[in-house]
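*Asks:* Single-letter residue listing:
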Amino acid sequence: MDGSSVEQAFLAMENGGLKGSSKEVRLGKTAHNMSSSSLRKKSDLRLVSKVRCGLIRSFLGNLQEVILGTKLFVLFPAIPLAIAAHVYGFGREWVFALSLLGLTPLAERVSFLTEQIAFYTGPTVGGLLNATCGNVTELIIAILALTEGKIDVVKYSLLGSILSNLLLVLGSSLFCGGLANLHKEQKFDRKQADANSLLLLLGLFCHTLPLVFRHAATSTQAVALPTLQLSRASSIAMLVAYFAYLIFQLWTHRQLFEAQEDSDDDDATSEEAAIGFWSAFAWLAGMAALIALLSEYVVGTIEAASDSWGLSVSFISIILLPIVGNAAEHAGAVIFAFKNKLDISLGVALGSATQISMFVVPLCVIVAWIVNVQMDLDFHTIETVALAFSIIITSFALQDGTSHYIKGLVLLLCYAVIGACFLILRAPLGNTSILNIGNTPTNNQVLRL
Amino acid sequence: MIWGFLLAPFTVVLSLNYEYFVTDDVMRLLGVVVCAAKVSETVWEMDTNEACSVENGIINGKSNGPRLVGTADNLSFSSLRKKSDWGLVAHTVSSLFRQLLINLQVVILGTKVWLLFLAIPLAIMAQYLGYGRVSAFSLGDATFPWVFALSLLGLAPLAERVSFLTEQIAYYTGPTVGGLINATCGNATELIIAILALYQGKINILKYSLLGSILSNLLFVLGSSLFFGGLANLSKEQKFDKNEADVNVLLLSLGVLCHTLPLFFQYSTEAKLSSANAKSMLLLSRVSSIVLLVAYVVYLLFQLKILQQLFVAEQNVSEGEAEEEEVVIGFWSAFGWLVGMTVVIALLSDYVVSTIEAASTSWGISVGFLTVILLPIVGNAAEHVGAVIFAYKNKLDMSLGVALGSATQISICVFPLSVIIGWIMHMEMDLCLSILETGSLAASVIIVAFALQDGLSNYMKGTVLLVGYTIISACYFILDPSPSKFIPEPYSQ
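In order, the protein sequence lines correspond to chains A and B. Per full-length UniProt numbering, the very first residue in the first sequence carries number 1; after that it's consecutive. Per full-length UniProt numbering, the very first residue in the second sequence carries number 1; after that it's consecutive.
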């Protein structure tokens with residue numbers, strides 16, 4: 001969009017909102033955006049308009065829009081509390097918990113800000129931005145953990161994100177949607193689910209090969225290097241697949257992925273930009289910095305939290321972290337399933353899972369390659385088995401294009417079983433190998449819990 | 001006359017070997033049978049008019065009762081029934097005897113496999129005469145495991161009769177409770193075997209038999225139904241309801257997930273299993289069992305609600321061909337017969353579980369093969385025949401309901417229930433099967449899922465499933481997986 005229409009949009013907003021915004025403005029409206037938009041409330045600009053100075057007024061307007069524009073704003077105080085806890089040396093598990101709480105609204109705000117920026121940059125780049133920044137929390141946590149050498153935390157947290165999206169988010173959406181629409185038929189578009197399932201299966205294949213390779217070899221030391229090389233090559237292939245999928249989604253087959261829009265849906269946010277481009281950009285940079293800070297706290301204090309809460313690190317990484325990180329998307333997906341708009345829920349859940357599996361994981365392997373950390377695609381046996389089952393069960397559940405509450409319940413129960421497995425089987429055995437995760441940066445062969 | 005023929009050899013053998021009968025209840029059982037035979041001699045010349053009034057008296061009173069929710073299991077069994085001839089019993093001396101005889105005729109003779117009922121008293125006799133163990137008599141091969149074989153044969157008609165009786169009871173209790181009773185009593189045989197095996201501490205045999213039931217239902221029963229149905233309807237299109245199949249496959253996959261996770265935990269850790277690890281595996285199995293039982297309850301709710309809407313439409317379609325679903329015996333007599341049959345099932349299952357090792361050594365077949373392949377084939381025989389008959393008539397939904405429904409119920413209900421019962425009995429029963437069994441289970445579920453995913457069927461799909469079952473049986477026959485060999489240490493018995 002060129003500058004003049006931006007100014008028009010801005011002025012029109014100041015004059016009380018646009019009516020029936022033009023098609024050019026209604027762009028890049030992916031499922032992610034629409035799901036997060038259910039958590040927003042329209043900010044009331046009347047209070048701000050009383051302030052006389054124009055600059056402060058616009059700043060306060062921004063503030064109100066960004067900070068208070070979400071129903072999750074009650075969690076925002078957790079951020080300064082977390083920083084205070086860290087600086088003043090409260091218990092480390094407090095730092096962990098508060099950082100986790102603080103990350104939830106930040107993730108949602110980042111998605112809102114990228115949506116705002118997307119208004120100015122056009123549909124394609126906007127879609128790209130959305131696709132990339134949809135999982136910014138997981139990405140930052142993963143890279144930070146990598147730089148500290150905690151490879152297992154990286155693997156577990158990414159795996160946990162995939163599992164949580166596939167089973168928990170999707171399962172609860174299908175379940176609640178099925179219960180709320182008992183007498184209606186619930187359909188969704190198969191093609192999107194099919195494309196995502198194929199990519200997830202490709203990712204699963206890339207995870208299985210190094211694992212089986214390692215088991216088939218006679219000695220573990222001899223296969224460390226070939227496994228690493230295989231993982232790096234697979235990561236490049238996965239990134240190629242992901243970029244092809246982006247082209248598929250945003251360019252050649254866009255009509256398959258257009259989110260369902262309801263003309264009489266009056267609680268969706270209006271289609272104009274609420275803040276200017278540069279302010280959005282500045283806010284985005286600030287939020288990203290905050291996310292990095294909180295993620296650093298999370299990664300640094302995870303062992304302490306695990307010790308004091310009596311849960312294993314793997315359980316916290318696989319189950320707790322993703323639940324918190326995905327909370328906003330999760331709520332949005334369930335709400336859309338209630339309204340029988342399953343395509344959006346599927347877009348959120350499956351799309352996130354595909355992004356993490358095909359983009360974040362290989363990206364981490366490549367980044368590890370660059371900083372000389374030996375991360376490979378071998379997630380250990382149980383995790384790969386759990387991942388395989390989740391993908392297969394989800395593919396079967398989604399393959400016929402209809403849904404009912406049993407499907408959602410089965411997915412939820414699978415998640416419960418996998419969660420119980422990691423809770424019970426990975427209980428801290430009392431040996432020192434868990435505590436050594438942070439201290440052995442390079443060789444992850446000893447870290448087989 | 002028929003009764004006389006049946007009882008003559010019994011009385012002969014009994015009089016010869018009276019001193020071996022040591023228990024009173026066996027005597028009572030035989031006494032009842034002998035009395036019934038004597039009474040039936042006098043009722044052979046009957047007047048048909050009284051038969052009709054008797055028939056009408058029973059039936060008219062219930063004609064306004066609720067229509068039965070006929071699950072696939074019931075309808076499959078009804079194909080094995082023949083209508084009893086009322087003329088035989090219409091001339092009894094008193095109405096009480098008449099009731100008893102009508103009941104007897106309906107219950108015992110109302111099935112085409114009533115001949116197998118002979119095996120029950122023979123099995124009881126063999127047990128007390130020691131045919132299975134000690135070579136006390138030179139009647140044929142003294143080391144032939146008579147008790148085992150006869151008990152197996154006797155279980156088949158009993159399972160079918162239990163289903164018939166629950167169907168009758170369901171007339172009185174309404175469709176919802178009736179459907180529930182059907183669902184529960186369909187697994188009565190397996191459940192009773194499970195409890196008895198747990199009580200005797202034979203945990204591996206229990207796991208093997210449950211696994212064998214699932215495999216037999218998924219591959220053998222389903223495969224033969226699809227195969228014969230496909231051959232019989234070569235020119236027609238064979239469709240079935242995909243939604244039911246989908247739900248069943250999903251639940252089966254959930255069950256396989258619960259079996260796989262503990263298995264791979266054992267294969268993933270390098271360290272030797274400490275006792276703490278063994279305890280956590282057991283805890284995981286128990287938690288998974290609770291999850292599976294929750295899934296089962298919701299599955300029942302889902303099924304019963306849907307059945308109420310679907311079945312009304314189907315009844316109108318299949319009026320002419322299905323057996324009429326009227327009530328033939330009263331509620332309390334059905335209930336009494338049900339209790340009696342359950343007791344006999346328990347007795348025979350007890351024999352089976354106790355003598356399985358003896359049978360295995362004397363026949364030279366591994367225990368694994370007996371429990372995984374042979375026992376379920378016999379136990380499922382009646383359902384199997386019913387499912388094939390339905391596929392023949394191009395009613396694939398019924399066949400799938402029988403086969404897939406049984407497999408799902410065992411996987412989601414009986415298996416976790418036995419883990420919970422083992423928990424109560426302080427037995428170390430868990431969901432962990434060895435890698436061979438888990439692999440065959442997972443492969444079966446995946447193959448069936450792919451075969452059923454498009455809602456159509458042909459004989460080739462049935463062939464593939466049957467061949468799969470043959471391969472698995474050959475595997476268990478040849479490889480001789482004795483229970484302690486493949487299951488890691490803490491679980492070998």
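Hints are supplied without guarantee of correctness; some may be wrong.
[Claimed, not checked] Reference listing, derived: stretches of chain B covered by chain A, where coverage requires no fewer than 3 residues with Cβ under 8 Å from a Cβ of chain A:
#1 234-248
#2 290-300
[Unchecked claim] Chain B residues, not near chain A, derived (Cβ > 12 Å throughout):
#3 Val256
#4 Phe264
#5 Leu282
#6 Leu283
#7 Leu284
#8 Val343
#9 Lys393
#10 Ala442
#11 Gly455
#12 Thr470
#13 Cys475
[To be verified] Distance condition first, Cα-Cα at most 20 Å in a straight line; then the derived PhoX-like pairs of lysine-lysine:
#14 Lys305/B - Lys184/A
#15 Lys187/A - Lys393/B
#16 Lys191/A - Lys242/B
#17 Lys393/B - Lys279/B
#18 Lys184/A - Lys279/B
Read the hints as simulated data drawn from the structure, not as lab findings. Every residue gets a Cβ at the ideal spot worked out from N, C-alpha and C, and that includes glycine.
*Asks:* Mind listing which of the numbered hints don't hold for this structure, in increasing order?
*Replies:* Result: hints 3, 4, 5, 6, 7, 10, 11, 15, 17 and 18 break, sorted rising.
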